[in-house]
Amino acid sequence: MRYFAKSQQMYIYLQHPYTQFFMPYTIRVVLILLFLVLFQHSNAQTKRTVNGNVTDAKTGETLIGASVKLTGPVSAGGITNAYGFYSLNVTDGSYEVSVSFIGYRTILQKVELSKDIRLNFTLEEDNQLDEVVISATKKNENVSSPQMGLQKINVREINNVPVLLGERDVLKTLQLLPGIKSAGEGNSGFYVRGGSTDQNLILLDEAPVYNASHLLGFFSTFNSDAIKDVSVYKGGMPAQYGGRLASVLDIKMNDGNRKEFTAEGGIGLISSRLKVEGPIVKDKGSFMVSARRTYMDAFFKLSSDSSINSNTLYFYDVNAKANYQLDDKNTLYLSGYFGRDKLGLAETFGFNWGNATVTLRWNHLYSNKLFSNTSLIYSNYNYVIQNFMEENNFEVNSSIKDFNLKQDFEYGLSNDHQLKFGLNIIHHTIAPGKLTADARSSVNETTYENRKGLESAIYISDEWAVSERLNLVYGLRLSGFSLMGPGNFKTYDKDGNITQTRSYGSGDFVKNYLNLEPRFSASYQLDKSSSLKGAYTRNIQNIHLMSNSTSTSPTDLYIMNSNNVKPEIADQVAMGYFRNFNEDKYEFSAEIYYKKMQHQIEYRSGTDLRGNGNVEADLLYGDGRAYGIELFLKKRFGKFNGWIGYTYSRTERQFDAINEGKWFYAKQDRTHDLSLVGIYKAGPRWTFSSVFVYNTGNAVTYPSGKYQVNGRTAFYYKEKNGYRTPAYHRLDVAATLEGKPGKKLQSSWSFGIYNLYNRQNPFSIDFKDDPDDKTRTQVVRTTLFGIIPSVTWNFKF
Amino acid sequence: MNLKKYITAVVAIVALFCLGACEKVIDLKLDEAVPLIVIDGGISDQNEYHRVKVSQTYSFTEPNKFNGLTGAKVVLKIDGGAQEIVFREVAAGVYESPAKFKGKPGSSYELTVTYDGKTYQAVSVMPARVALDSLTFKTFNFFGNNKSYIVANFLDPAGISNQYRYILKVKGVVEEDAVSEDRFNDGNKVANVIFYELDDLVKGDSVLVEFQCIDRNVYRYFYSLGQNSGQGGPPVAPANPPTNFSNGALGIFNAYTSGKRTAVIK
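Which chain is which? The protein sequence lines are U and L, in order. Letter 98 of the first sequence, counting from 1, is numbered 98 in UniProt numbering, and no numbers are missing. Letter 144 of the second sequence, counting from 1, is numbered 144 in UniProt numbering, and no numbers are missing.
Please note that a few of the clues may not be correct.
Part of the chain U face toward chain L, derived, beta carbon under 8 Å [what the hints assert, rightly or not]:
| hint | residue |
| --- | --- |
| 1 | K434 |
| 2 | L435 |
| 3 | T701 |
| 4 | Y707 |
| 5 | N710 |
| 6 | R712 |
| 7 | Y716 |
| 8 | P771 |
| 9 | D772 |
| 10 | K774 |
No lab work stands behind these hints, which were simulated from the structure alone. What you are looking at is a predicted structure, and each value in this text was computed from that prediction instead of being measured. Built from N, CA and C at the ideal position, the CB exists for glycine as well.
Produce the complete structure using the sequences and hints provided.
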């Protein structure tokens, strides 16, 4: 109960004029709607429930997002959930069931209903269709669903899109969609609608992944062999998601083949991968293990020089999953991810970092209408730095560790109302750093205080088919955060001076925050193939990433809400027009959004984030705003398919202590962002593809003058982010040659050329004295990736 | 704790293996800004003429120069006005104390510069002196190449926070100007590598290292300046370093203790 002890603070918070403006109204609306729904249906007429699973006939993998439709005395339709489960309510009578999923043959079946029944379906893959790119959703789901701001990627799509060094990458393919921007050349980090990279909630089988990149951002931690489904929410997040401001990237791993053992893999220029899957008990349970490792450092080993061959530089990752169906009502899943980057410079230096996540899930059907999923999740990110120089040797250990309990329910109240509700409790432990050294070293052993926090949430939402045309999803999420002892907690004034230090014991609550997050979205179908949608979402973020470099680094520091740091808040309003053409062959959408952000974080200049126990003294707090329009046109089937994505946007920040308090462009501000993706299936064996991207350069700070300090050149910066890097553009091409069909060992070759016309896009632009003429200064552009060919051999048996 | 160096090295290696990385000098159009006053001054614990330089910013495209401002009024107050010294202009923009004197550790120095009707003030407290014991050499083997650096050796006093500045000069030219603090090695014998590559120097060349003890604000100024110039690290969003001057002047006023040693390349 101590959790709510500081209700006074919440009261004050609710009195904030901004809060008052938005919250009471939206919350009232949501609460009234929910109440009406629950009341109205307490004595609704008796109905029959039809439910079950939809799976792939060949592999037994559950299919996410398959459409199940009943036509008869009444009509009902639904989509399978993340576990391939659906549930529909209808009255007695005879019905025709149709089950469809793009890329699979549709099932039509007659069924007589006089009681609740369970109907499981297995769908056969349809290879006759010329659908190289297959959308995972039902044909016009994009139009009829009230969900907006959602982009889905089919993993098969990724296989044909050209990528850097031939390494398929979910996160990089994602960056080709409107509203999602790359954080830099070859970087797997991304910005969504004006958010920074740490404002994305990245979930792998529900486990939050803290540093989703390898090798300083060049590769993502997601091995596409192991991935089944990728959804990214840019706005209108459903109430079951929370904790980050800008987006939710929900990645689900393959369950494994329930029918037979298979293996597949690939050998590429810099890495190789292998996946093995098969049944544990046929049709009851299966497993999947997928691993990859890079071998850039194998080249070092070729050298006979010990100063070269003793260096290491590689990463590996392993995805593993097992599931077992106990009976019709109970299924268990266990999944894990383990990845690590290691680099070492001979006898001087070692550095390694990585994530580990474990998710244990239990799917249970309490009744025909109530589906439950319980998840226990462990997640750990840590890094170790070692310096072996004798007089300065040291080792730094830092980690962030989560224990996470999630309980989600889906309740089919009626055919018009699908309720989702649940709770989530996460216990965070952040160990900012432990410094150890041996007796010879000049470095003192130090341990920085761990920080513990409890993040909790309860939510409820309802998807309501108001009429044939109008669909609503509305819900509320109540999220709390408590900073907990033990430790010494400081409070700082505006200038960063300590005003108070208080000591707390283990289990004491230091500071509590409570926030309500209303979520609302609606779609109004204009006709069969077009709709208008609108959404309002509030998101809260309680855990923040501190990074003062312009690129992400494995050593970036996570901090929690505290006496000084308040939860970040974002309110987003979005509207959109969705339309399919030509029998759903083409998909078009236009979305506009406006987002207001509060309690954004920046640093004073000269902030040192390393081992800084007083880092909060150096933080500055301000506001943000972002708006834009996103256009998307996709050709979904046919020999030639692909998409065009265009975004016009603005992203700004305002801090009293920066830029004289004036609004400035955030570094992720890019006016224009264009991506073209084309895939052409030339025949049964050859597929060609191409990607073109263009975007306005990032907002950056360049000098507007210079001066001398101690005889050396220093630069004068007139304003923050007042300049632009040169525009970025690039063309990639790829070709895939499939092996002759019918063999036991199927193999394919992928050839790619990254940056075909060798555009010199800047990775960085530096200003410095000319080394040959110290009386002049010069501007030096560093380009990381010119034209780069790649080749990969893939196999499957 | 030179993590940045290593990260740069890693980026370089990754880039190397990706076969593409290249550097090129380019033309970039930069804005012209209204010139701003820059004050760069110091008081040391040595018996010498102390100097304050007053200049203003100029266009990026111009040759590097000291863009001195004449006619400024420069006044030094010691320990809250117990003593007041008016500096005289000895060259355009260069102001000097009229007599030699020694600054005292623990004393507070307040510099007031008046120029064009505006007054700029800064305070710096001279820290206790720490002696530079010796300079030694250190060689790293980096991918088969040997790189040599100078190491500053000293004993850090325990229990207080100290900040140090290293100015490395070769043939009278400042080649490296870096700072460190004792956050990780308080009270220990410290061997701090100065990251200036000596490999271009020949036998007999001498390297002069001035070792300063500086106050916290001065440390932060130079740390921030180092972040801007990258000092070999990953790019940090640059900003004007936090000055101790009021009223919008750029630059720093530094009361420091000074010790100098010379190393000869063998």
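Each hint, compared with the structure:
no.	hint	verdict
1	K434	violated (12 Å)
2	L435	holds (7 Å)
3	T701	holds (5 Å)
4	Y707	holds (4 Å)
5	N710	holds (6 Å)
6	R712	holds (6 Å)
7	Y716	holds (5 Å)
8	P771	violated (10 Å)
9	D772	violated (10 Å)
10	K774	holds (7 Å)
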